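Below, each chain spelled out in residue letters.
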Amino acid sequence: MTFQNIMLPLFGIIVMVYVFLRVKRNQFSIELSIFWMLIGFTIFLLSIFPKLLDIISQWVGIYYPPSVLFLISTILLLFVIFRQEQMLSKLNENLKDLAQSNALLEGRVKALEEQPSR
Amino acid sequence: MKNSKSSNSKQFLVIIPVFNEAENLPAVVDELQRDLPDFDILVVNDGSTDETAALLKTMDYIHTLSLPFNVGYSLALKTGFKYANQNHYDYIIQFDGDGQHIASEALKLTEHVLATKADIVIGSRFMEASDYPHSPIRRLGTGIFKSLIRFFCRQSIHDPTSGFQVLSRRVVQLYADMPYFPQFPDANLIVDMILSGYEVTEIPVKMRQRLSGKGMHENIYSSFYYMMLILYNILIILVKHLFKTKGESR
Numbered sequence: 398m399t400f401q402n403i404m405l406p407l408f409g410i411i412v413m414v415y416v417f418l419r420v421k422r423n424q425f426s427i428e429l430s431i432f433w434m435l436i437g438f439t440i441f442l443l444s445i446f447p448k449l450l451d452i453i454s455q456w457v458g459i460y461y462p463p464s465v466l467f468l469i470s471t472i473l474l475l476f477v478i479f480r481q482e483q484m485l486s487k488l489n490e491n492l493k494d495l496a497q498s499n500a501l502l503e504g505r506v507k508a509l510e511e512q513p514s515r
Numbered sequence: 021m022k023n024s025k026s027s028n029s030k031q032f033l034v035i036i037p038v039f040n041e042a043e044n045l046p047a048v049v050d051e052l053q054r055d056l057p058d059f060d061i062l063v064v065n066d067g068s069t070d071e072t073a074a075l076l077k078t079m080d081y082i083h084t085l086s087l088p089f090n091v092g093y094s095l096a097l098k099t100g101f102k103y104a105n106q107n108h109y110d111y112i113i114q115f116d117g118d119g120q121h122i123a124s125e126a127l128k129l130t131e132h133v134l135a136t137k138a139d140i141v142i143g144s145r146f147m148e149a150s151d152y153p154h155s156p157i158r159r160l161g162t163g164i165f166k167s168l169i170r171f172f173c174r175q176s177i178h179d180p181t182s183g184f185q186v187l188s189r190r191v192v193q194l195y196a197d198m199p200y201f202p203q204f205p206d207a208n209l210i211v212d213m214i215l216s217g218y219e220v221t222e223i224p225v226k227m228r229q230r231l232s233g234k235g236m237h238e239n240i241y242s243s244f245y246y247m248m249l250i251l252y253n254i255l256i257i258l259v260k261h262l263f264k265t266k267g268e269s270r
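Just so you know, the protein sequences line up as chains P and G, in that order. According to the numbering used here, the stretch in the first sequence is residues 398 to 515, in order. According to the numbering used here, the stretch in the second sequence is residues 21 to 270, in order.
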């Protein structure tokens, strides 16, 4: 057992446990946690079966297996950033809508309050 | 808006979250008013882009809430729970705005909840032989959820994805304040509630096909996403209950 044989699977498990605890304590949404669970699981799987990486690299035709890892992680990270940008822009739009509807409501409440009460 | 109605006098609130249901809504509301005259009706308009908003303005005999943009079924429903909570209703009835649910069948649910004092009563399509059309992929999903509930909760729920439910006040209070209320409040929430010690029962009801338009989870991708999400959600809930320390209630 080398150091990395223990540390890498452990790291994968820590990621999964941490994500689970965040969800359990209601500090992270279940929908978003799936992705990070899968990341933790993949780290765990690859560190236990390093041969998987060789198989994948042969399959996609890349001779140096670690570069497959970099390729996949880069693509995944780009995907995550893109998804976050999408969410951010949507949140931004929602926030603007919310501010406007709030201003309109405040105006209506003020108008109602200024009316002589019947 | 609703000053003419005396508050606190009514026991039941029917919550109808709607998104672009202008075609179906008038028939749904008419039927509810005819068959359940003693129940209050709340329509939560989830940022509809059709004539739903204009339509609701003409219906001043029901309660309405309008969300400034589309927030999704589950949050629209949760908004209704908050409203029910603020106005002290004893029970709420989750009702679909697309005409699938039959108003007179709701009476069976409310009679059952009053008789048994259950926390959640689910209107089930599949307890008796029915001709309700169900796509194969959804039937598979329902079957899986049913077996999971039977295995982990030791209780038979035939229709865990039914949105036709009556909830007691304490459940409504819990849901209204629940952070990260699930995107699809279905089988996952039922598992969670049963494991948390709430009494969940089920009685057979009839349902119709929706009157017009398309419902949620109509294509393969969204059905698949929905199923995976619920399965994952149930897994998380099971692990959560497995590690729950004593004395910690939710």
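Source of the hints: derived by calculation from the structure; they are not laboratory data. Each hint should be verified, as a subset may be incorrect.
In the SDA-like style, the derived pairs of lysine to any residue whose C-alpha atoms are separated by at most 20 Å in a straight line are [what the hints assert, rightly or not]:
#1 G:264 to P:424
#2 P:421 to G:86
#3 P:493 to G:77
#4 G:77 to P:421
#5 P:421 to G:199
#6 P:487 to G:264
#7 P:487 to G:77
#8 P:487 to G:256
#9 G:264 to P:414
#10 P:421 to G:264
#11 P:421 to G:69
#12 G:260 to P:414
#13 P:487 to G:54
#14 G:260 to P:496
Quick partial rundown of chain P residues pointing at chain G, CB under 8 Å, derived from the structure [said to hold, decoys possible]:
#15 421
#16 485
#17 486
#18 488
#19 491
As the structure is a computational prediction, the values presented were derived from the model and not from experiment. C-beta: ideal position from N, C-alpha, C; glycine also.
Hint check results:
no. : hint           : in the structure
1   : G:264 to P:424 : holds (17 Å)
2   : P:421 to G:86  : violated (31 Å)
3   : P:493 to G:77  : violated (24 Å)
4   : G:77 to P:421  : violated (41 Å)
5   : P:421 to G:199 : holds (11 Å)
6   : P:487 to G:264 : violated (36 Å)
7   : P:487 to G:77  : violated (28 Å)
8   : P:487 to G:256 : violated (28 Å)
9   : G:264 to P:414 : holds (15 Å)
10  : P:421 to G:264 : holds (10 Å)
11  : P:421 to G:69  : violated (36 Å)
12  : G:260 to P:414 : holds (11 Å)
13  : P:487 to G:54  : violated (41 Å)
14  : G:260 to P:496 : violated (37 Å)
15  : 421            : holds (5 Å)
16  : 485            : violated (16 Å)
17  : 486            : violated (13 Å)
18  : 488            : violated (11 Å)
19  : 491            : holds (5 Å)
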